[in-house]
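Number of protein chains: 2
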Amino acid sequence: MPTQPLSQKEIEDRLRELPGWSVGADRLTRTYRLGDHFAATALVVHVAQIQQELNHHSDLTLGYDTVALAVTTHSAGGITEKDFELADRVERIAPGHGAN
Amino acid sequence: MPTQPLSQKEIEDRLRELPGWSVGADRLTRTYRLGDHFAATALVVHVAQIQQELNHHSDLTLGYDTVALAVTTHSAGGITEKDFELADRVERIAPGHGAN
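Heads up: the protein sequence lines correspond to chains A and B, in order.
By the numbering used here, the letter at position 99 of the first sequence is numbered 99, and the numbering carries on one by one without gaps.
If you want the numbering used here, it's the 1-based position in the second sequence plus 100.
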């Protein structure tokens, strides 16, 4: 059974628990600024490992000292529980944003 | 002295030596498909290290098994020698595209 997309209200309710995250074009987005290139590269690898564990992959863009995430569920055509699970996991490990 | 952007003709001449690369919106672009998520993540790290060595950073986007590069020189407002140097270095290390 494919995962169902969340309603706009469900998305807004969930976003309150994820300060710094936004919704746009059927994606949850956040850009982390890490302060240097090495830290940003390390975060990409860590997020890639989490994506592998969740079997849920979204585009990650590495800039000089930034990592931008655009999280969506292509197969559902929208934002699902899985997307919030990934965002929440990333939020917990991103440096300065909580404990690993 | 800031690096000068290359002319359209210079860019077209150089692109002949880089099959698979394209030019668009003042950027050299190429997407590599690696076949699995781990290989794509590894390529991001390798390219990040090359960018650090060249002190020339451009956006890298990691998809499930893809790495997309968009290479430009912001300070010059266009495509420069530095961009071709980075593209050439990446081309030589990308799996299936040559020897390291």
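Bear in mind the hints are in silico, worked out from the structure with no lab data behind them.
Certain hints may be false.
Stated by the list, open to error - According to the in silico footprint, chain A covers these stretches of chain B (three or more CB under 8 angstroms from chain A):
(1) 142 to 148
(2) 176 to 184
To be verified - Result set (DMTMM-like, lysine to aspartate or glutamate): computed pairs, CA atoms no more than 25 angstroms apart in a straight line:
(3) B:182 - A:88
(4) A:82 - B:136
(5) B:109 - B:165
(6) B:182 - B:136
(7) A:82 - B:112
(8) A:9 - A:36
(9) B:182 - A:65
As the list claims (entries may be wrong) - Label pairs and their in silico Cβ distance ranges:
(10) B:120 - A:22: 29 to 39 angstroms
(11) B:181 - A:13: 34 to 44 angstroms
(12) A:13 - B:108: 21 to 31 angstroms
This structure is a prediction, so every number in the text was calculated from the model and none was measured.
The C-beta atom is built at its ideal place from N, Cα and C for all residues, glycine as well.
For each hint, the structure was consulted:
1. 142 to 148: holds (count 3)
2. 176 to 184: violated (count 0)
3. B:182 - A:88: Roughly 38 angstroms separates the two Cα atoms, so the pair is violated.
4. A:82 - B:136: 21 angstroms, holds
5. B:109 - B:165: 33 angstroms, violated
6. B:182 - B:136: Violated, because 29 angstroms separates the two Cα atoms, which is more than 25 angstroms.
7. A:82 - B:112: 44 angstroms, violated
8. A:9 - A:36: Not satisfied, since the Cα-Cα distance of roughly 37 angstroms exceeds 25 angstroms.
9. B:182 - A:65: 19 angstroms, holds
10. B:120 - A:22: 29 to 39 angstroms: Given range 29 to 39 angstroms: holds, Cβ gap about 34 angstroms.
11. B:181 - A:13: 34 to 44 angstroms: Distance hint for residue 181 of chain B, residue 13 of chain A is violated at roughly 51 angstroms.
12. A:13 - B:108: 21 to 31 angstroms: For residue 108 of chain B against residue 13 of chain A, whose Cβ atoms are near 51 angstroms apart, the range 21 to 31 angstroms is violated.
In this structure, the hints that do not hold are numbers 2, 3, 5, 6, 7, 8, 11, 12, in rising order.
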